[in-house]
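So the protein sequences, as listed, match chains A and B. Numbered per this note's numbering, the first sequence spans residues 9 to 729. Numbered per this note's numbering, the second sequence spans residues 266 to 537.
I should point out that these hints are in silico values taken from the structure, not numbers from a laboratory. Yeah, the Cβ is synthetic: ideal placement off N, Cα and C, and Gly gets one too. Hints should not be assumed to be uniformly reliable.
One-sided excerpt, in silico: chain A residues whose CB lies under 8 angstroms from chain B [unchecked claim]: (1) S51; (2) R91; (3) T93; (4) Q148; (5) K153; (6) A257; (7) L470.
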Amino acid sequence: MNLPPMDGSLARNALPDDGLRERTTLARKWAYLLSQTSYVPWSHSELEQRLVVFVGELADLVRTEPFTAEPAGSVGVHLVEWRCTDPAALRRTASVLGKGLLGLPELRMIPDRAERVVAVLVSLAAGFTEQMREFVIGQQESMSKALRRAVRNAEQSLADSEARFTQVATTSPNGIAITDLDGNFVSVNDALRRILAYPGEDLDSRCIYDVVPPERTDQLLALYANLGAGQDNPPRQMLRLLRDDGSTATVSLAASSLRDEHGVPNRAVLSIEDVSELTLLQDELCRQALHDVLTGLPNRQFFTSRLEEVVHRFDRDNGITLFLLGLDAFTLVTAGLGRRVSERLLIHVAERLKSVMDGERAMVARFEGDEFAILVENSPTTPSAAAIAERINEQLAVPVTISDAGLADGTGRDRGVGTYAVSASIGIVEGLPANLGPTELLGAAETTLRRAQRSRGRRFELFDPEEDARDRETYRLAAGMAGAWERGDLRVAYQPFFRLSDGNPIGVEPLLRWHRRGHAPLDHDRCVSLAEQTGLTLPLGTWRLTSACTTVREQGWGVPLYLGFTANQAANPDLPAAVLRALSENHLDPQRLFLGMPTPALIAGGQPLANLIALAEAGVGMIATDFGAVPADLVDLETLPLQAVHLARWRPRRDHAGSTSVLSALIDTVHAAGVLVIVDDIKNKAHQQWWQQVGADIGQGLFYAPVGAPDEVHGFFNAAQ
Amino acid sequence: MPLGIDPNVPSIARTYDYLLGGAHNFAVDRQLADNVEKIMPRSREIARLNRAFLRRAVLFLIESGIRQFLDIGSGVPTVGNVHEIAQLAAPDARVVYVDKDPVAVAHSELLLQDNKGASIIQADLREPERILNHPETVRLLDFEQPIGLLMVMMLHFVPDSDNPMQIIATYRDALVPGSYLALSHVTADQRADQISEAAQEISRSRSSDQLSYRSHAEVSRFFDGFELVEPGVVGCGLWRPDGPGGISNDPDSNAHVYAGIGRKPGGPVTNE
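Model the full assembly from the supplied sequences, consistent with the hints where possible.
What follows is the structure, given as C-alpha cells:
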C-alpha cells in the first residue's frame with residue numbers, strides 16, 4: 009500500500025497506550041483511503057481524529073458483551089453525511105476496516121472476533137446504503153424545489169430582460185430584427201431601417217421576404233427551417249437585400265432562435281451588418297492574380313486581404329483561428345531530392361491541408377517556399393485549434409509515394425523517387441487577441457511558428473504576446489552564448505554549502521555566470537535555460553564539471569564538490585564516462601563528488617536512472633534534485649542509491665503552519681530512508697532557523713555566502729581546515 | 266429569453282456537483298460527466314483536488330485578514346461551500362455568491378435563506394458592473410475594505426473573444442489594495458490530448474458553456490495588477506497542499522487545473 013506522508017506531529021505525540029496507538033494507525037490508513045475517494049471539508053488531521061473515534065466505537069462494539077453490531081450503522085450514516093458518497097468510499101472502508109479490526113491487538117482475545125467484525129461491517133454498510141437512499145431522495149427533492157424556484161425567478165426577470173433587449177437594439181450599429189418563424193417582422197431597430205433605407209415605420213409591417221431578392225428566398229426559407237428545428241446559431245451568411253430605393257445592400261446576416269417557455273423555438277433574431285463596401289473591395293481584389301501557381305492555393309496577398317476582411321466581421325461567439333505552418337527540414341528535402349520532388353510534395357501538402365479543412369469556413373494559402381497559412385472562421389462544431397493542428401500532422405504523416413512519372417528532369421531518372429512523409433511546425437493565433445490588426449496577427453503567427461520550430465517535440469504552439477517579447481530577448485541572448493563562452497565571458501563561480509546544525513562549510517557548488525559589459529551578470533539558472541535552447545547544454549555541463557574539478561585540485565579545497573544536472577544532461581549516455589574522466593584527470597576520488605539529477609527524470613527511469621546507478625556504483629554520491637514537488641517522490645527513496653535529496657525551489661512560507669507539518673513529515677520520511685536533505689536560497693537567520701527546525705541538514709544561500717569567484721570563496725574552506 | 270433550466274441541456278455546475286458525489290443533477294449532467302470520465306478517467310479526482318484548493322484558498326484569505334468574499338461561478342451548493350469554510354474560521358465573514366445558472370442560484374437561495382452573512386445573485390461573470398453594483402453586493406460587501414475575489418473553475422468558460430483580461434481589470438479596479446484574487450483554470454499544458462478531447466465532448470453536448478483551456482502564461486496574465494503569492498500559478502494540487510486529500514499521486518491530475526492567488530499591491534499587510 010502506498011501510504012501518504014504521515015503527519016509527523018501525530019506520530020511523535022502517540023500515546024503510550026498500545027491499543028490507542030493501533031487504533032490511530034488504522035484510522036490513519038482509513039483517512040488516507042477516504043481522502044482519495046471523496047472531498048471532505050476539513051484538514052487531514054481533523055479527518056483522522058474523527059475516524060479515530062469511529063475506529064474506537066467499532067472496536068468497542070466487537071469487544072462488548074452481549075455483542076450487538078447494530079450501532080455500527082451510524083458510522084455508515086456519518087460517511088454519507090460527510091459526502092463520502094462515492095461507491096469506492098464504502099468499498100475501501102470495508103476493506104481497510106475488515107483487515108484492520110481483525111488485526112487490533114485489543115481484539116485478539118475474542119474467540120469469535122471474525123464473525124463479529126463481519127457483522128459490524130455489514131451493519132455499517134447497511135447504514136451507509138440506507139442513508140445513501142435518503143441522501144439521494146433528499147437532494148432530488150431540493151432539486152425540484154430549486155427548479156420551481158428557478159422558473160419563478162425567470163418569470164420575474166423576463167420583464168427586465170425585455171427592457172434590456174430594447175436598449176441593446178437601439179444602441180447597436182448593426183441592424184437587429186426580431187421576426188416570427190414565418191419571417192414577419194415583430195420589431196426592427198433604427199440601424200436596420202437605415203441599412204434598408206426605409207423611413208419611419210414602413211418596415212415594421214413587412215416581412216423578411218419583402219427585402220430578399222426572389223432568387224435567394226430559398227436560402228432564407230432553409231435558414232428559418234433550421235431555426236425552427238432547434239438549430240441555435242446557424243452560420244453567418246452573405247446576402248444582398250433590396251433597399252426601398254431599388255438599390256441593394258450587401259449584408260452579412262447572423263440568425264439565432266428565441267424559445268418559448270417550453271423551450272420550443274418561436275422567434276428569430278436577425279443581426280444584419282452592412283458590408284457593401286467590403287464586397288466592392290473584394291471584387292476588385294479578385295480580378296488580380298491571387299493564387300499560387302504551383303498549388304492553386306490563394307497566395308499571401310489574397311490571404312492577407314481575406315484576413316483583413318474577416319477581422320472586421322467574424323463571428324464573435326466562435327472567433328477565428330490563424331495557423332501558420334512551416335514544413336520541417338524542407339530545405340533539406342529540396343537540397344537532397346531536387347526541386348521537382350519537393351514541388352510534388354508541396355502540391356501533396358496543399359491537398360492534404362485542404363482535406364483537413366474540408367467542411368469548415370477556412371482559407372488555405374501557400375506563402376513563399378514551404379510556408380502555408382490557414383484562416384478558420386470557427387463554427388460551434390469546429391474542433392479546437394490544438395485538435396486541428398494535430399489532425400494536420402496526422403494527415404501529413406501518412407506517407408505519399410512520388411513516382412517517376414513527370415519527374416524526368418534529364419539528370420538521371422530516379423533521383424528522388426520514393427515514399428515520403430512530412431511534418432509541419434505550426435504557429436497558432438486563436439480567437440482575436442485584443443487590438444491586433446491583420447499585419448500584427450500575421451506577425452504574431454510568425455513568431456509563434458518560430459517558437460514551435462525551435463521547441464523540439466512540440467509541433468504546434470499557441471500565440472502568447474508576453475512570450476513573444478521575451479522570445480526576442482532570449483533569441484538575442486541565446487545567439488550570443490557560444491561567442492561569450494569562447495571569449496571567456498561565461499565563467500564558473502562557486503557557492504559553498506553549510507551544515508545547518510553547526511554552520512560549517514561542507515561542500516561547494518560550481519555555478520555558471522555570464523558576465524556582460526554594462527549589465528548585471530546572468531545567473532546560473534538563466535544560463536542553464538539559455539543553454540538548453542541552444543544545444544550548448546551538454547558541452548557546457550561537461551565543461552562546468554571539468555573546470556570545477558580543476559579548481560578544486562588547484563585550490564586544494566578539502567570539501568566535496570556538488571553539481572546539479574538538468575534533465576537533458578542527466579540523460580546523456582556519455583555522462584558517466586565524462587564524469588570519471590574529469591575525476592581521474594584531476595586525481596580526485598569519486599567520493600569527493602556529489603551529482604544531482606532531477607527527480608522527475610529519475611522517476612521516469614531510462615537513461616538518467618541508468619546513469620545514476622552507474623555513477624553510484626563508481627563511488628560518486630548521488631542526489632535527487634527538485635525533490636518534493638510530487639508525492640510520488642517518496643516511492644523511490646528506498647530503492648535508489650541516494651546520499652541526499654535537494655528540495656525543490658518552492659517551499660512553504662514559514663508562517664504557513666499547514667504546509668510545515670507536511671514538509672516535516674516529508675523530511676522525516678527522507679531521513680527514515682537514511683538520506684540527507686539539502687535546501688537552498690537561505691536568505692537570513694530566520695530562514696536558517698526555520699529550516700533547521702523542520703529538519704533540513706544542509707543549506708546554501710545569501711545568509712551563509714554569496715556566489716563568488718574561486719578567490720572569493722577560498723576563505724571558507726581554509727577556515728574549515 | 267433562454268431560461269437555462271431545460272433539464273435536457275447539461276449544466277456545468279450540475280455536472281461538477283455530480284463529479285463531487287452530489288445528487289443535485291439530471292440524467293443529461295451525469296451523461297456528460299460519464300462521457301468526460303471516459304476521456305479523463307481521473308475527472309472525479311480533479312474535481313476533488315480543485316474543491317480542496319478552494320478550501321485552502323479561503324482559509325489562506327481568512328488568515329490574511331480577508332472577511333469578505335465575492336465568489337463568481339459558485340455553482341450548485343455542495344460540500345464545503347465558501348461561506349461554510351469561511352464562517353467556521355471567522356464567524357463574521359460575509360460572502361456574495363454569483364452564478365448564471367438559474368437552478369444553481371435557486372438552490373443557493375434556499376440554502377442561504379437563514380444566513381445573514383451570505384447571499385447569491387444571478388449574473389454572468391462578463392457583467393462586472395452589474396455584479397459590482399447589485400443591491401445584494403452593495404448590502405453585504407464594503408468596497409472600502411479588502412475583498413477576496415474567487416473565480417474558481419470559471420474563466421476557462423470565458424473565451425478570449427469576450428476579453429476576460431478587460432473583465433478582470435474592471436473587477437480589480439473596484440477592489441481596494443490588499444484585496445485578493447484567487448482563481449483556478451483548466452489547462453492543456455499537460456495531457457493536451459485528453460483535455461482537447463474533453464473540450465470537444467463538452468462542445469458536442471448542448472451545454473452553452475465551452476471550454477477555453479489556457480497555457481500557464483495565459484493564466485498568469487489574469488493576475489496582471491496583482492502580486493502572486495507563493496508558489497505562484499501552479500497545478501492546483503501543488504498550491505500549498507496540506508494533506509493527501511488535496512494532492513494526487515498522479516502528477517497529471519495535480520496539473521490539469523492551474524491555481525493561484527494574487528494580492529492587489531498596497532494597503533496594510535497582515536500575513537507577512
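For each hint, the structure was consulted:
no.: 1; hint: S51; verdict: holds, 6 angstroms
no.: 2; hint: R91; verdict: holds, 4 angstroms
no.: 3; hint: T93; verdict: holds, 4 angstroms
no.: 4; hint: Q148; verdict: holds, 6 angstroms
no.: 5; hint: K153; verdict: holds, 6 angstroms
no.: 6; hint: A257; verdict: violated, 26 angstroms
no.: 7; hint: L470; verdict: holds, 6 angstroms
Of the hints listed earlier, the one the structure fails to meet is number 6.
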